[in-house]
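S.K.: Given next are the chains, with one letter for each unit.
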Amino acid sequence: MILTGILRHYLSTLLSTVPKRDPLPKLRQNRHLQHVRNIIINHAQISRSAFTRRKEWFADEVKKGSLLAEGPAGKGQGKPNPLSDPAMMEGMMGMMKGQMAMMVPQSLIMGWINAFFSGYVIMKLPFPLTPRFKDMLQAGVGTQDLDVRWVSSLSWYFLTLFGLQPVYNFILGSNNAASQVAQQMQMQQQGNPMGGVEDMEKVFQGVSEDLEVVEHWFVLEGVEDRLLARLQGTTV
Amino acid sequence: MATNFLEGPTNTTPRQTLALSQNAKSFFTSQKGWSLPYPLSLFLNTESQEKWATYENIFLATLRTGDHDAAYLCLEELTDRFGKTNEHVVALQGIYQEATAKDTNELEEVMKRYDELLKDDPALFSVRKRRAALLKSVGRPVDAIGDLVSLVDASPTDAEAWAELADLYAQQGTYEQAIFCLEEVLLVTPNAWNMHARLAEVTYMSAQKMEGGEQLKALSESMRRFCRSIELCDDYLRGYLGLKITTGRLLTALDGAKKSQLTVSDPTTGDLAPPSLASVRKLNELATAKLGEIVRRGTAGEKGWDGYSAIELKAARDALDRDTLKIQR
Numbered sequence: 001m002i003l004t005g006i007l008r009h010y011l012s013t014l015l016s017t018v019p020k021r022d023p024l025p026k027l028r029q030n031r032h033l034q035h036v037r038n039i040i041i042n043h044a045q046i047s048r049s050a051f052t053r054r055k056e057w058f059a060d061e062v063k064k065g066s067l068l069a070e071g072p073a074g075k076g077q078g079k080p081n082p083l084s085d086p087a088m089m090e091g092m093m094g095m096m097k098g099q100m101a102m103m104v105p106q107s108l109i110m111g112w113i114n115a116f117f118s119g120y121v122i123m124k125l126p127f128p129l130t131p132r133f134k135d136m137l138q139a140g141v142g143t144q145d146l147d148v149r150w151v152s153s154l155s156w157y158f159l160t161l162f163g164l165q166p167v168y169n170f171i172l173g174s175n176n177a178a179s180q181v182a183q184q185m186q187m188q189q190q191g192n193p194m195g196g197v198e199d200m201e202k203v204f205q206g207v208s209e210d211l212e213v214v215e216h217w218f219v220l221e222g223v224e225d226r227l228l229a230r231l232q233g234t235t236v
Numbered sequence: 001m002a003t004n005f006l007e008g009p010t011n012t013t014p015r016q017t018l019a020l021s022q023n024a025k026s027f028f029t030s031q032k033g034w035s036l037p038y039p040l041s042l043f044l045n046t047e048s049q050e051k052w053a054t055y056e057n058i059f060l061a062t063l064r065t066g067d068h069d070a071a072y073l074c075l076e077e078l079t080d081r082f083g084k085t086n087e088h089v090v091a092l093q094g095i096y097q098e099a100t101a102k103d104t105n106e107l108e109e110v111m112k113r114y115d116e117l118l119k120d121d122p123a124l125f126s127v128r129k130r131r132a133a134l135l136k137s138v139g140r141p142v143d144a145i146g147d148l149v150s151l152v153d154a155s156p157t158d159a160e161a162w163a164e165l166a167d168l169y170a171q172q173g174t175y176e177q178a179i180f181c182l183e184e185v186l187l188v189t190p191n192a193w194n195m196h197a198r199l200a201e202v203t204y205m206s207a208q209k210m211e212g213g214e215q216l217k218a219l220s221e222s223m224r225r226f227c228r229s230i231e232l233c234d235d236y237l238r239g240y241l242g243l244k245i246t247t248g249r250l251l252t253a254l255d256g257a258k259k260s261q262l263t264v265s266d267p268t269t270g271d272l273a274p275p276s277l278a279s280v281r282k283l284n285e286l287a288t289a290k291l292g293e294i295v296r297r298g299t300a301g302e303k304g305w306d307g308y309s310a311i312e313l314k315a316a317r318d319a320l321d322r323d324t325l326k327i328q329r
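Residue numbers (full-length UniProt numbering), protein chains in the order written: chain A, 1 to 236; chain B, 1 to 329.
None of these hints come from the bench; they were simulated from the model. Warning: the hint list may mix true and false statements.
[Said to hold, decoys possible] Restraint ranges, calculated between C-beta atoms of paired labels, are given here:
no. : chain 1 : residue 1 : chain 2 : residue 2 : range
1   : A       : 70        : B       : 66        : 34 to 40 Å
2   : B       : 26        : A       : 128       : 55 to 61 Å
3   : B       : 22        : A       : 30        : 19 to 25 Å
4   : B       : 115       : A       : 70        : 55 to 61 Å
5   : A       : 49        : B       : 325       : 36 to 42 Å
6   : B       : 87        : A       : 163       : 35 to 41 Å
7   : B       : 49        : A       : 163       : 48 to 54 Å
8   : B       : 235       : A       : 104       : 57 to 63 Å
9   : A       : 95        : B       : 126       : 24 to 30 Å
10  : B       : 140       : A       : 93        : 54 to 60 Å
[As the list claims (entries may be wrong)] Cross-link-like lysine-lysine pairs, in silico, DSS-like; alpha carbons within 25 Å at most:
no. : chain 1 : residue 1 : chain 2 : residue 2
11  : B       : 217       : A       : 26
12  : B       : 282       : B       : 303
13  : A       : 55        : B       : 84
14  : B       : 102       : A       : 26
15  : B       : 84        : B       : 129
Every residue, glycine too, gets a C-beta built ideally from N, C-alpha and C.
Use the sequences and the hints to build the structure in full.
M.R.: Laid out in structure tokens, this is it:
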């Protein structure tokens, strides 16, 4: 079982590809978006005049569209079709390939485990449980009336699989790919490749409106009184 | 071994750096160690982030102490592990070439190499930063500013670049731009007390050139920034020293100010009114008392008070001495 984990680790390191860096215009667009979000979150750090200046600058740039990856020319094109862009197609193919490559060993390992472990119970728990636990403890055993205290071997396999994480950490170092849990998390984070395409112009306009309605307050307002109150509180 | 291999190069004192580079040899031999034959070695993994962070730190430390051979060994290891095209490794190679360059011609060569790299991929931010740093170190600050301006245009969330740009602007004496850059840094890292203090210092420097109401405004803003940095970090020596100096200036400025300037709290521009005389005086007293305590305990090296740098302690003591002299007179 540990061997399967190690196998999975090395397979995934072999098959994984280095994520490609975005080209500069796209990077710039995303960073500017992040920048404006930073302004919205941390606006209290700067004075009102500094805040207003940034707000006006950003509204201006959005109107001109110069922050978009395509430059001002990219304004008003609407949402791009992901299938029409060859670079996008290539990226999606790469992702598909990666996922297929993940899928094949995964199903192999699963099939092997199924053939090996299914169909018999392996132990009896020393304490009674409610019938709800039947799904968890008796996977692969199709009997209705069996007492919940009996644990099927396939369930036992899954339980230990989740418990083996520290062992893998010990053998393979902390950022290994042996655990299934970590892998599923990763897949969720990657998200849907088709949903990733948005109309950036709309996004920028949305953020611009958010920025417009921010009610500004300044962290330095009354800071001397706060500090005085605190210092006198501690020294007296 | 008492040497901390993981301390970043910006935090180490010269003495620590020296110790680090002297321990480089023993670190190399410890890394060589035993390893299993091929199929079995797959079961053991000596990879860890700490290991490579240590390599990088030793690399920088040995360059600082002039041990170029050891630095080259580290660089080899890092290149073997991460590949020649890795963004970080490219920057480290650049550092090595800069450090071993013997004259300006060789530095020019390094610069040309950076230019070529950037022509291939303008998104290599590490190399762009190196290029700006190189320009700064060969005494071309205006070019470095140009580089950094284009960098922050491409990546406006890069606090490091903004801070560097602010430093360059402050050196050139263009305080308004420096203040803008520092505000950008604060937008990324809102609770960085050292950045609040730095902004306060630059604001104070810019206040030296102003007069009347403008100066009063800049001084009170600077004082409030120092207050904020102390609020974020107790016993912050730089903050208290700045607070003492700014409140001292403010006391004289407030005395001479006209009535109309004292109550201006413009709702449209949102500028805050200057602080009241009483609270400034109180802050000044508190800052003086606190500075005295920090200097006393810091020089004695009391437990928990020994983190202050000797230079800053001396500056604080000088400021306090000046004060007492004035009173004696």
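S.K.: Each hint: holds or not?
M.R.: The hints, checked one at a time:
1. 70/A to 66/B: 34 to 40 Å: This hint is violated: roughly 50 Å between Cβ atoms.
2. 26/B to 128/A: 55 to 61 Å: The hint (55 to 61 Å, Cβ to Cβ) holds, given that residue 26/B and residue 128/A are roughly 59 Å apart.
3. 22/B to 30/A: 19 to 25 Å: violated (44 Å)
4. 115/B to 70/A: 55 to 61 Å: The hint (55 to 61 Å, Cβ to Cβ) is violated, given that residue 115/B and residue 70/A are roughly 26 Å apart.
5. 49/A to 325/B: 36 to 42 Å: Taking Cβ atoms as reference, residue 49/A and residue 325/B lie about 40 Å apart, which means the hint holds.
6. 87/B to 163/A: 35 to 41 Å: Since residue 87/B and residue 163/A have Cβ atoms about 38 Å apart, the given range 35 to 41 Å holds.
7. 49/B to 163/A: 48 to 54 Å: Given about 25 Å between the Cβ atoms, the range is violated.
8. 235/B to 104/A: 57 to 63 Å: Distance hint for residue 235/B, residue 104/A holds at roughly 60 Å.
9. 95/A to 126/B: 24 to 30 Å: holds (27 Å)
10. 140/B to 93/A: 54 to 60 Å: violated (46 Å)
11. 217/B to 26/A: violated (41 Å)
12. 282/B to 303/B: Distance of about 29 Å is beyond 25 Å: violated.
13. 55/A to 84/B: violated (42 Å)
14. 102/B to 26/A: Outside the cut-off at roughly 39 Å; violated.
15. 84/B to 129/B: This hinted pair holds, its Cα atoms lying about 18 Å apart.
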